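Take a look at the letters that make up each chain.
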Amino acid sequence: VRILRSFKNGCLIQNLSFSFATLGSTYAQVGDLYHSLEIKGDKVAPYYHVPSSSVRGSLRAWTIEHLLPKDWWNIEDKLKKSDFPNNNPVYLDNILNLFGFAIEGAKKEISEKYTRSGRLTIRVGCFDFDQAMPSVDGADWNLSATNDFGPNNVARHIKPRNPLDRITHAAKEGGLHNFLEFSKGQKLHLTIEVRKSDKAEQDLFDQKLLKRWESEINSGVIRFGGLTGIGRGRAKVISRTITNQKKGGN
Amino acid sequence: MTKFNSDSFEKLKNIDTTGLKKGTTYTPPPTKNSSTLEHKSILPEKRSKTIIQLPAEKKRKRRAEYDEWLSNEPTEYHNPNPFDFIFLSNHPALYSDEEIKKFELVQDLFSGHLEIELTALTPIHIVGTQVPGNPGRSIGRSNFYNESVDYCIPGSSIRGMLRGFIEALTNGWISQAQEKEDTDPAYPKMNGQTNPHGRHIGFDSFRVTENTRGNGQKSKIEPGIPYAYKPDRTKGLDIASYLFGIISEEKGLSCKHKVEIEDAVFSGEALKDYPMVDINYTAFMGGAHPSASNWWYMVPSKILERRTGNGHHVVEMIGEGFWGRKFYFHQDPMECISFYKNPQRWQPNRPIYEYQAACLKEKSKVFFNIYVKRLSKAMLDLLCLCLMPGDNIRHKLGYGKQYGYGSIDLKIKKAEMRKENNNSPFDLYKEESWGFQNYNPCAWKERNSLKIEENYIIDEASLNNLAGILSWKPTESILFSYPLNSRKYFQTPIRYLEDFKPLNLGHLIGKNLSDQQAIDVARQLWSTKKTIHFPLYQARAKWYKEIIMKRKP
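Chains A and B supply the protein sequences, listed in that same order. Each step along the first sequence adds one to the number in our numbering, with nothing skipped, and position 96 is 96. Each step along the second sequence adds one to the number in our numbering, with nothing skipped, and position 443 is 693.
These are calculated hints, taken from the structure and not from any lab test. It should be emphasised that the depicted structure is a prediction, and the values quoted were computed from it without experimental measurement. This list has only true hints and no planted wrong ones.
In silico SDA-like cross-links for lysine to any residue, where the CA-CA straight-line distance does not exceed 20 Å:
hint, chain 1, residue 1, chain 2, residue 2
1, B, LYS430, A, LEU164
2, B, LYS664, A, GLY220
3, A, LYS196, A, THR115
A short, non-exhaustive set of chain B residues, derived as facing chain A with CB atoms under 8 Å:
hint, residue
4, SER398
5, ARG409
6, SER425
7, GLN426
8, GLY474
9, GLU510
10, ASP513
11, TYR621
12, PRO675
No residue lacks a Cβ here, since even glycine has one placed at the ideal position from N, Cα and C.
Based on the provided sequences and hints, a complete structural model is requested.
Given below as structure tokens:
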């Protein structure tokens with residue numbers, strides 16, 4: 001059990017990320033999904049959500065892999081290895097300006113030139129569905145108990161997986177494992193906030209990129225979370241509201 | 251060129267086929283005619299520390315060689331076994347990272363998606379919840395797998411099926427094999443008196459195993475799979491791992507998947523109940539029980555005498571190394587189930603029982619998507635060819651393959667790709683560069699154009715072997731069934747004095763046998779026991795030589 005600490009709404013919150021694994025087994029049995037605790041009145045209440053950092057990570061990785069040449073995909077490494085690169089890729093500056101960047105262990109002039117704070121903030125709201133216990137199929141789990149204390153704000157199910165031995169075609173011994181996942185059709189609110197820059201060219205880049213993200217999410221190219229190899233993490237933008245605020249506002 | 255193939259294989263460097271610690275030299279037992287010709291390694295010289303000299307007899311024979319030797323066998327009255335093997339070579343085809351990088355540089359890279367139509371040629375069952383049966387029956391009913399409210403064929407099942415096929419077709423690593431975390435062998439020695447599937451010679455998938463006999467005598471047995479087939483990124487990369495990814499313990503050597511496969515979702519209206527059969531108390535039709543004391547799963551090695559705990563004096567056929575990767579033949583499940591349901595075929599103490607399984611109905615069509623990321627043209631074409639492998643080969647998926655369930659046809663209904671380039675990324679402002687265009691994969695007849703440098707990606711011997719097993723021709727009406735549970739089959743021991751010695755075979759005890767000698771021994775013992783030598787049993791089965799041996803991709 002890992003315990004991560006973060007501040008939320010001025011209160012000290014413990015985010016608990018559970019990952020139950022049998023020691024010595026090849027496959028981890030994931031016992032719960034990512035969830036946090038919030039204080040509601042005089043009670044502490046848990047809720048499931050997708051971490052904003054995961055969404056941000058997916059968008060950043062996609063952006064780098066599609067707008068920079070492959071030898072720049074590890075930006076930090078590339079900058080450290082270069083004396084003082086003067087042939088930077090076209091969108092490098094735009095990307096660093098949007099996401100922000102920090103580099104450690106590089107030459108001073110490199111560090112000064114490239115370290116900057118970002119202008120992008122991503123907030124993911126919590127799910128608003130209600131399902132006390134996960135749906136179970138294909139596993140030997142028998143979930144009949146009630147869920148008095150755990151979060152229940154999302155539909156979820158347990159997915160079993162069992163690799164087949166290529167030689168005997170039998171189930172691989174010790175290979176049966178289950179994981180819990182958010183079920184298809186769950187909705188959440190995603191807020192992407194971009195602070196206006198002082199360059200028109202950068203603002204245009206930001207707008208184009210946001211539009212491209214939406215298109216790539218809808219076409220299944222950008223996915224979120226793990227196990228994308230078996231088709232997980234697909235999302236679709238159902239509706240979108242754009243709000244422009246005056247410079248100087250937030 | 252750093253690709254290995256069976257024809258060029260003579261000597262390996264730094265390939266630990268013994269399971270011994272690296273740096274230890276393995277000296278095989280002295281044999282006549284051993285050959286140690288030079289062959290360059292797939293590894294850089296700096297990694298090459300140990301030289302293993304394998305005798306020529308250890309060179310594995312592929313299926314075609316066995317078919318040639320057995321093409322004149324007389325035909326008997328038994329059905330062919332429902333599975334057969336894609337015979338392994340001594341070494342997989344691996345490619346170095348440099349080769350892959352070079353290869354990607356000269357090829358366009360494609361990203362996009364394929365819309366696939368899956369047609370159930372025979373009913374498909376993916377196991378969901380199972381309802382226990384009445385006393386005497388393990389399973390009462392088997393429901394189709396569902397996730398939340400949707401019935402689906404999981405993307406992971408389709409992916410596993412494709413990966414297994416590609417591993418075989420390209421002679422790649424064996425990515426999933428039985429292995430224990432500790433030092434115990436994957437197939438441990440078990441007491442036959444307390445366990446109905448007793449195995450008195452333990453063996454492992456990738457390590458040499460030492461067994462101790464009742465009299466205290468120790469003996470070593472080779473791994474079931476040549477060690478070179480164990481995935482190891484420090485030795486290169488196989489095609490399946492390039493496509494589906496591999497996690498390596500070595501830093502920086504893991505490869506992310508380039509292929510993503512989604513679930514094939516459908517409504518409950520497409521489901522219908524079909525019969526399955528099984529035997530209670532033992533997993534006769536579901537569980538594999540490979541043994542090193544026969545040549546059913548294993549390549550013949552030698553013959554030993556054995557005195558059992560009950561005082562019987564028998565001979566046992568010692569096998570070392572699996573024949574290969576198991577695949578199941580296509581057949582009509584209804585005919586197969588009817589065959590098994592005949593009570594006269596079973597011993598009264600092991601009756602067969604029937605239960606219903608919800609299946610995706612025959613001829614139903616379901617759809618799913620495959621996404622690819624930066625696949626070179628050759629790899630994308632390979633993936634497409636593996637989805638639709640010519641006119642003859644069809645895949646099998648799900649439960650009940652041994653009865654004929656799970657035969658499927660895949661069709662690419664739409665392929666939309668866009669080109670990507672590792673050196674020149676997209677122009678964010680150029681809208682047309684982001685669009686997906688229709689893509690036409692190469693035709694099956696052009697499969698030999700798929701190369702990495704001068705090496706063919708498809709292993710021709712494996713392809714022919716796969717065509718023999720996975721050919722889909724319902725008009726052939728071949729019935730495949732497991733050997734009967736009666737005398738002259740698995741339940742029959744070969745007695746030393748009564749069965750073996752009168753054939754003047756006694757001089758072979760303890761000797762290393764050649765492939766042909768082993769066939770000859772099995773031929774001579776045929777009237778005593780038919781299930782000794784797997785390829786011989788298949789060759790003497792009905793339809794095998796006339797139809798199955800002649801199948802082509």
